[in-house]
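First to last, the protein sequences are chains W and B.
All the letters of the first sequence, read from the start, carry residue numbers 1 to 140 under the working numbering.
All the letters of the second sequence, read from the start, carry residue numbers 1001 to 1592 under the working numbering.
There's no promise every hint is true.
[Said to hold, decoys possible] Within a straight-line C-alpha distance of at most 25 Å, the following computed DSS-like cross-link-like pairs (lysine-lysine) qualify:
id: 1; chain 1: W; residue 1: K105; chain 2: W; residue 2: K129
id: 2; chain 1: W; residue 1: K73; chain 2: B; residue 2: K1125
id: 3; chain 1: W; residue 1: K73; chain 2: W; residue 2: K14
id: 4; chain 1: W; residue 1: K14; chain 2: W; residue 2: K105
id: 5; chain 1: W; residue 1: K105; chain 2: B; residue 2: K1125
id: 6; chain 1: B; residue 1: K1159; chain 2: W; residue 2: K73
id: 7; chain 1: B; residue 1: K1103; chain 2: B; residue 2: K1159
id: 8; chain 1: B; residue 1: K1103; chain 2: B; residue 2: K1125
id: 9; chain 1: W; residue 1: K127; chain 2: W; residue 2: K8
Simulated from the structure, these hints should not be mistaken for lab results.
Please read all numbers here as calculations on a predicted model, not as lab measurements.
The chain contents come next:
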Amino acid sequence: MEQSHIKKQINFIKNSLFEQGYLDEQFIQLEDLQDDANPNFVEEIVTSFYSDSTRLIRNVENALENYPLDFCKLDDYMHQFKGSSSSIGAKKVKVECTHFQECCKARNSQGCIRAFQQMKQEHATLKRKLEAYFQISRNE
Amino acid sequence: MNLASQTLVNKQSTMPSSSSASRNSTAGGESNVPDQFPAGLRVLVVDDDPTCLMILEKMLRNCKYEVTKCNRAEVALSLLRENKNGFDVVISDVHMPDMDGFKLLVHIGLEMDLPVIMMSADDSKSVVMKGVTHGACDYLIKPVRIEALRNIWQHVVRKKKREWKDVDTSASLDDVDRKEEKQQAEDPDYSSSANEGHNWKNAKRRKDDEDEGEGEGEGEERDDSSSLKKPRVVWCVELHQQFVAAVNQLGIDKAVPKKILDLMNVPGITRENVASHLQKYRLYLRRLSGSHQSGGTTPSFFSNPDAGYGSISTLSDLDLQALAASGQLGQLGQLGQLPAQSLATLQARSAYPKSSISVPLLDQRNIVSFENPQLRYGLNQVQNRQGQNGNITRPMNLLHGIPTTMEPNQLMGMQGSFPGLTSQGLIPLTSQSQSQSHVSRQPVLSGQVVSPGNHVTESTGNRFHVRGSLGIPNYGNNNQMRQQNWGDLTFDPSRQMQGGSGTHVVQHNFGSSQKLGGNKVIYSSTGEGSGTHVVDNDRSMLKAEKVSYKNTFFPEEYNQEDLLNAMFTQQQQQQGENELGVDWSSLDNLPV
Chain W
1 MEQSHIKKQI NFIKNSLFEQ GYLDEQFIQL EDLQDDANPN FVEEIVTSFY SDSTRLIRNV
61 ENALENYPLD FCKLDDYMHQ FKGSSSSIGA KKVKVECTHF QECCKARNSQ GCIRAFQQMK
121 QEHATLKRKL EAYFQISRNE
Chain B
1001 MNLASQTLVN KQSTMPSSSS ASRNSTAGGE SNVPDQFPAG LRVLVVDDDP TCLMILEKML
1061 RNCKYEVTKC NRAEVALSLL RENKNGFDVV ISDVHMPDMD GFKLLVHIGL EMDLPVIMMS
1121 ADDSKSVVMK GVTHGACDYL IKPVRIEALR NIWQHVVRKK KREWKDVDTS ASLDDVDRKE
1181 EKQQAEDPDY SSSANEGHNW KNAKRRKDDE DEGEGEGEGE ERDDSSSLKK PRVVWCVELH
1241 QQFVAAVNQL GIDKAVPKKI LDLMNVPGIT RENVASHLQK YRLYLRRLSG SHQSGGTTPS
1301 FFSNPDAGYG SISTLSDLDL QALAASGQLG QLGQLGQLPA QSLATLQARS AYPKSSISVP
1361 LLDQRNIVSF ENPQLRYGLN QVQNRQGQNG NITRPMNLLH GIPTTMEPNQ LMGMQGSFPG
1421 LTSQGLIPLT SQSQSQSHVS RQPVLSGQVV SPGNHVTEST GNRFHVRGSL GIPNYGNNNQ
1481 MRQQNWGDLT FDPSRQMQGG SGTHVVQHNF GSSQKLGGNK VIYSSTGEGS GTHVVDNDRS
1541 MLKAEKVSYK NTFFPEEYNQ EDLLNAMFTQ QQQQQGENEL GVDWSSLDNL PV
């Protein structure tokens, strides 16, 4: 009973993440990769993503403090960010990266800063939700 | 001609059975189960993003591939260089901090000729196009799905097939040479294209027969089935320059083998040799002019000394050794042999005062002219990795074993039985060496010393005869030379220069012998600037041609003493740019 209840919870959380657009199909790909040999694969990947992306975010923040903005470099960072966030299926984060890149192309400093704030927010939100998700999954 | 038949050999050992795409039929050390291809496909993944790397690794593992991860392009390149046949396909990210993915792509194409798949989150047409023009065999958009990875084996097979086809072409052409020589003895205007057609079938049939024999890696069979057991003529630099001079003098259109032969006035080569060489030269020129037209960014890549050569100069010694070897010999076995010999010689040199060693080598102009580039690299390699080495005594003896007055012909004599040894002799070497985690070729020479009654003890199992595989220019007339005591070189891998896996693994994993064959040492960074890195049907042929013509120029560019000096002074250098002291930019001026 308890188990199926937890399972239901897990599924509920996961479904909502998908429905709300936090995660996309790539996340399912990751879950498919999870097997007995790597029972916590998805969590490991997400952990790796967050530690790596935190570093990237710091780099972007530093870059945003240097005026005039180095749009090339920022675009570069965003390209990397986009790559890794898309690998874990972080849909909203990816969308914000694209916004940021568009602002870079348009050389829109304010736009870049705004996009970055948005991106950070989505990044943090997803982290919370995934942490909760994994927590519950582990309890299963 | 050497190149063609040798390439043929390569192909054979690479893919012995066309029915199964298995790679391990003749391999000794291959880990995958036979006929389970594509399972066990050895993939090298390069991506600076650790998350992506982890995901790709898992996906590829789930596809039953053997995965090696790498987060830096430089590391990937050295991995590839050290294990020339250790990988079947490379997947690389476009965007990497230490090296542009496209640059890596080109490098890999040049040096290892492996299929490379590019990946990026960027799906803009320009970037994808760049991938195509730089020679990527596929371009994946991130996030990569496992379905996309499941089929990457097709690129491996496709590439091999293309190489087979090229081998067929070159082998057939080569056979055509010989047949034509008989049939058109009086034809002054030997033209390859004219003869290609009607002799194709004959040549192909013969080659197919040879293929059967090759299946088991029986080099002797190939040798026997070769219709003409003429002494090989290796077109060394001098010879080729004489050839080119003669051709230029006559005019490329009017240059016919007989006249060229007369002009060259070199004893020991026949009109047939010249005809065959001319045919290749023509093809080479044709490709050169064709590729120049198609070259976009790539030509500049090569013509730019800083960008192109700087990176290219980081070609491993192995590459260059192999390249030089292939330039002369093209044959797989020789590729392996040459570095070994070089390394052995270098080791000897490193252990003893220059004066006592360099002299004998310098006396043998022709040998040194070939050895130098390789020796240089080999020396660096050796120095870098082995440091002090108690086994140096062996190589020392090796040098003593080298007759100081040896004429080039004598050395060539060793080549006499080379074909027979290629697959047989060398294969055991590589497969054995794999277990030893290092395959140094020094024992080639040490083996030689053993023959004259040296005290070197030999371990069991790994010995094999490497005859005439020193990559020494073969001017023909070497029949009588076969009896030289150079002839028997016994290679004992266990007596390799110890010092860990310092020495370059030439073909450490014979199990991946399919790569041995497929691994035409592609070295075209000699200023041709051709855009041949575009996936091109004639690529391997072209590269083979390049190798045969361009690489031979190496020795001519540098005084041999200088080379030796460079070698010694560079003993402590780590592998790096221009460590070989080669002025790559000068390669632009190589006469062609």
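Fill in: Hints that the structure is at odds with (numbers, increasing)
1, 3, 4, 6
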